[in-house]
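Engineer: Please model the entire structure based on the sequences and the hints provided.
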Amino acid sequence: MITSFLLKSLDRSIVVVVAILLGLAIAIPALNLLTAPDHPLHVPTFLVSLFGKYLTYALLALALDLVWGFCGILSLGHAAFFALGGYAMGMYLMRQIGARGSYGNPLLPDFMVFLNWKELPWFWQGFDMFWFAALMVVLVPGLLAFVFGWFAFRSRVNGVYLSIITQAMTYALLLAFFRNDMGFGGNNGLTDFKDILGFNIQADGTRAALFAASALTLALCLVLTTAIVRSKYGKVLVAVRDAESRTRFLGYRVEHIKLFAFTVSAMMAGIAGALYVPQVGIINPGEFEPGNSIEVVIWTAVGGRGTLIGPIVGAILVNGGKSIFTAAFPEFWLFALGGLFVFVTLFLPKGVVGTASAYLARRKAHRRAADAENARDNLVAEPMAAE
Amino acid sequence: MNQTISQTKPKSLLYLDGVSVSFDGFKALNSLSFVIEPGELRAIIGPNGAGKTTMMDIITGKTRPDEGQVFFKGDIDLTKRDEAEIASLGIGRKFQKPTVFESHTIWDNLELALNRSRGVFPTLFYRLTAGDKARIEEILSTVRLSARRDDLAANLSHGQKQWLEIGMLLAQEPELLLVDEPVAGMTDAETAETAILLKEIARTRSVVVVEHDMGFIRELGVKVTCLAEGAVLAEGSIDFVSSDAKVIENYLGR
Chain A
1 MITSFLLKSL DRSIVVVVAI LLGLAIAIPA LNLLTAPDHP LHVPTFLVSL
51 FGKYLTYALL ALALDLVWGF CGILSLGHAA FFALGGYAMG MYLMRQIGAR
101 GSYGNPLLPD FMVFLNWKEL PWFWQGFDMF WFAALMVVLV PGLLAFVFGW
151 FAFRSRVNGV YLSIITQAMT YALLLAFFRN DMGFGGNNGL TDFKDILGFN
201 IQADGTRAAL FAASALTLAL CLVLTTAIVR SKYGKVLVAV RDAESRTRFL
251 GYRVEHIKLF AFTVSAMMAG IAGALYVPQV GIINPGEFEP GNSIEVVIWT
301 AVGGRGTLIG PIVGAILVNG GKSIFTAAFP EFWLFALGGL FVFVTLFLPK
351 GVVGTASAYL ARRKAHRRAA DAENARDNLV AEPMAAE
Chain B
1001 MNQTISQTKP KSLLYLDGVS VSFDGFKALN SLSFVIEPGE LRAIIGPNGA
1051 GKTTMMDIIT GKTRPDEGQV FFKGDIDLTK RDEAEIASLG IGRKFQKPTV
1101 FESHTIWDNL ELALNRSRGV FPTLFYRLTA GDKARIEEIL STVRLSARRD
1151 DLAANLSHGQ KQWLEIGMLL AQEPELLLVD EPVAGMTDAE TAETAILLKE
1201 IARTRSVVVV EHDMGFIREL GVKVTCLAEG AVLAEGSIDF VSSDAKVIEN
1251 YLGR
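Residue numbers (this note's numbering), protein chains in the order written: chain A, 1 to 387; chain B, 1001 to 1254.
Rather than coming from a laboratory, the hints here were simulated on the basis of the structure.
Among the clues, some could well be false.
To be verified - 30 Å max Cα-Cα, derived DSBU-like pairs, lysine-lysine: (1) 1133(B) <-> 232(A); (2) 364(A) <-> 232(A); (3) 1097(B) <-> 350(A); (4) 1009(B) <-> 1027(B); (5) 350(A) <-> 364(A); (6) 1097(B) <-> 1073(B); (7) 53(A) <-> 364(A); (8) 1027(B) <-> 1080(B); (9) 1097(B) <-> 1199(B); (10) 364(A) <-> 1133(B); (11) 232(A) <-> 1062(B); (12) 1073(B) <-> 1062(B); (13) 1073(B) <-> 1199(B); (14) 1097(B) <-> 232(A); (15) 1080(B) <-> 1133(B).
Said to hold, decoys possible - Covered by chain A, per the in silico footprint, the following chain B stretches (three or more residues, Cβ under 8 Å): (16) 1067-1081; (17) 1089-1102.
By construction, the Cβ of each residue, glycine as well, lies at the ideal position given by its N, Cα and C atoms.
Structural biologist: Printed below as a string of structure tokens:
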């Protein structure tokens, strides 16, 4: 059952993207670790981490595409799920520091010692174990999405109203995480990580492994989301997007359909956040900024919503552009981003990937029509030749 | 009248008694009562604002009545259930404006409508069986869309969309079909075809048709209920109803 479910996702373009991701997962670490620093093909470690960060953004955009592109739920709070996954990973990394912190407390992270806390809060228990933290990375965002979605979809909050309350959700979390007594390091967040699973987090090998893990996870999630949208459930998702009440009158429980996609999407966003934090070395409340969630929407729109590959391309293009732009003309980046969004909305409503695949499909149809015409001409020509 | 209506309740398919609903003080339905027998094809006419669409909203769970009873198959209280539940009980609805899933193919539209388990996980792991395939083929030929099965529903003509929607309702296998203005915007030829189609469908289930087109209703040749101001004005054959003085004054005369 599961295999046939996954096999459905294997169409050509998805296979190509998965192959590219797997290739990158091997090639980039290899070029970083096995070549000498002065070799022309050498990839410096900072670039490995930068590309790794792009891949986690791509995963976040992919997660958003599942709900926005296929179910029409414009979530403007997806960065919140990303940040929650990041915090769960950050808590694990904080506990790994142990007695190596500036205060040398074997149990309490530095910021708790600084705040004069005497013991570890209950919600920090268990995060010294990787498996527990990994579980929380998916469970916490998933649970928040489930509870939030349960109320929102049951009360049939739709369209712009839903977008606004997702913004409110991420803003509320931003304010909460800024508070010192929340127990998540206040506005400094969690940082100064030392190691992950016993490996030095700054080491080239660890960085390369984190990059490979990001590429593999992205490939896996791409296969999974493709399988979801190609299944009958995926068709129901699109049906809900296009004609919600029709779907309801066919007997589908629209709120359950939406809730499943929203929860799965939030879990993927959480995983993306968990892969992001060790590569950038910090997680702070700034990740909950409402603007961050809106940026994810821009990546997805630029790449092409509802295409699955599009958001991956869009996230990498826009963030690559951001890295180059902010280095060259730092003051113009926000104008460029805004301009890009306006341009894409007006001229490429299907995004880069959507426009390209529509063009290819049109060319194919043209060629087929031309072939058919030639075949007919030949048929007409032959009897004439016989006479 | 209420006396006779409550006697018919146990063996009726659909039973409405004293249903009233108002929106912002406007009484859309005013103690509406009528009964549909199993296997019946019924036409409902009435001027704009007579409450025809509101009546359908109440039967399908979109609107809750302020008072009155709505029972399906004698003892299922429809006023306590929502749209999805009522749909899975076996009541299908066709909207006034054809609503099909435009970015899906004709085939997928029917596959989605097919009366199968509709939960998240059954749909996630659903596989098209030979039986389901045959059923979809059958419906495709009933609604005369076999040749266009792989086209997107968005590319159908208005009349074809109406038929596709009727096909989707058939796939749902309802016991009661509510059809809101099925021939609005259709050509005369399409209208005649639709009348044949509906009569065919009504052989195996009950159908309620709301329609303005008197010619079409004459073509159906069935019992007619005329609504006005949220209540039943007259009920009977088309000739009986159209000769009723109140109906002429309220509807036909204008």
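Engineer: Does each hint fit the structure? Answer for all of them.
Structural biologist: Each hint, compared with the structure:
A C-alpha spacing of about 14 Å is found between residue 1133(B) and residue 232(A), which places the hinted pair at or below 30 Å, so the restraint holds. Proximity of residue 364(A) to residue 232(A) is assessed by CA-CA distance (about 27 Å); at most 30 Å being required, the pair is judged to hold. Restraint check: the Cα-Cα separation between residue 1097(B) and residue 350(A) comes to about 27 Å, which is no more than 30 Å; the hinted pair holds. The hinted pair formed by residue 1009(B) and residue 1027(B) meets the criterion: a straight-line CA distance of about 25 Å does not exceed 30 Å.
Between residue 350(A) and residue 364(A) the alpha-carbon distance is near 19 Å, which keeps this suggested pair within the 30 Å criterion. Taking the CA atoms of residue 1097(B) and residue 1073(B), the gap is about 28 Å. The hint holds against a cut of 30 Å. With a C-alpha separation of about 36 Å, the suggested pair residue 53(A) and residue 364(A) falls outside the 30 Å cut-off, and the hint is violated. In summary, the hint linking residue 1027(B) to residue 1080(B) is supported, as the alpha carbons are separated by about 21 Å, within the 30 Å threshold.
Restraint check: the Cα-Cα separation between residue 1097(B) and residue 1199(B) comes to about 21 Å, which is no more than 30 Å; the hinted pair holds. For the proposed pair residue 364(A) and residue 1133(B), the alpha carbon gap of about 29 Å is at most 30 Å, so the pair holds. A hinted pair counts as satisfied when its Cα atoms are at most 30 Å apart, and residue 232(A) with residue 1062(B) qualifies at roughly 26 Å. Between residue 1073(B) and residue 1062(B) the alpha-carbon distance is near 19 Å, which keeps this suggested pair within the 30 Å criterion.
Simply put, residue 1073(B) and residue 1199(B) have alpha-carbon atoms about 22 Å apart, close enough for the 30 Å limit, and the pair holds. Taking the CA atoms of residue 1097(B) and residue 232(A), the gap is near 25 Å; set against the 30 Å cutoff, the hint holds. About 35 Å separates the Cα atoms of residue 1080(B) and residue 1133(B), which puts this hinted pair outside 30 Å; it is violated. Beta-carbon proximity to chain A at under 8 Å applies to 0 residues in the segment 1067-1081 of chain B; the threshold of 3 is not reached and the given coverage is violated.
Residues of the segment 1089-1102 of chain B with a Cβ under 8 Å from some Cβ of chain A number 7, which satisfies the need for three, so the listed coverage holds.
Violated hints for the displayed structure, listed by number in ascending order: 7, 15, 16.
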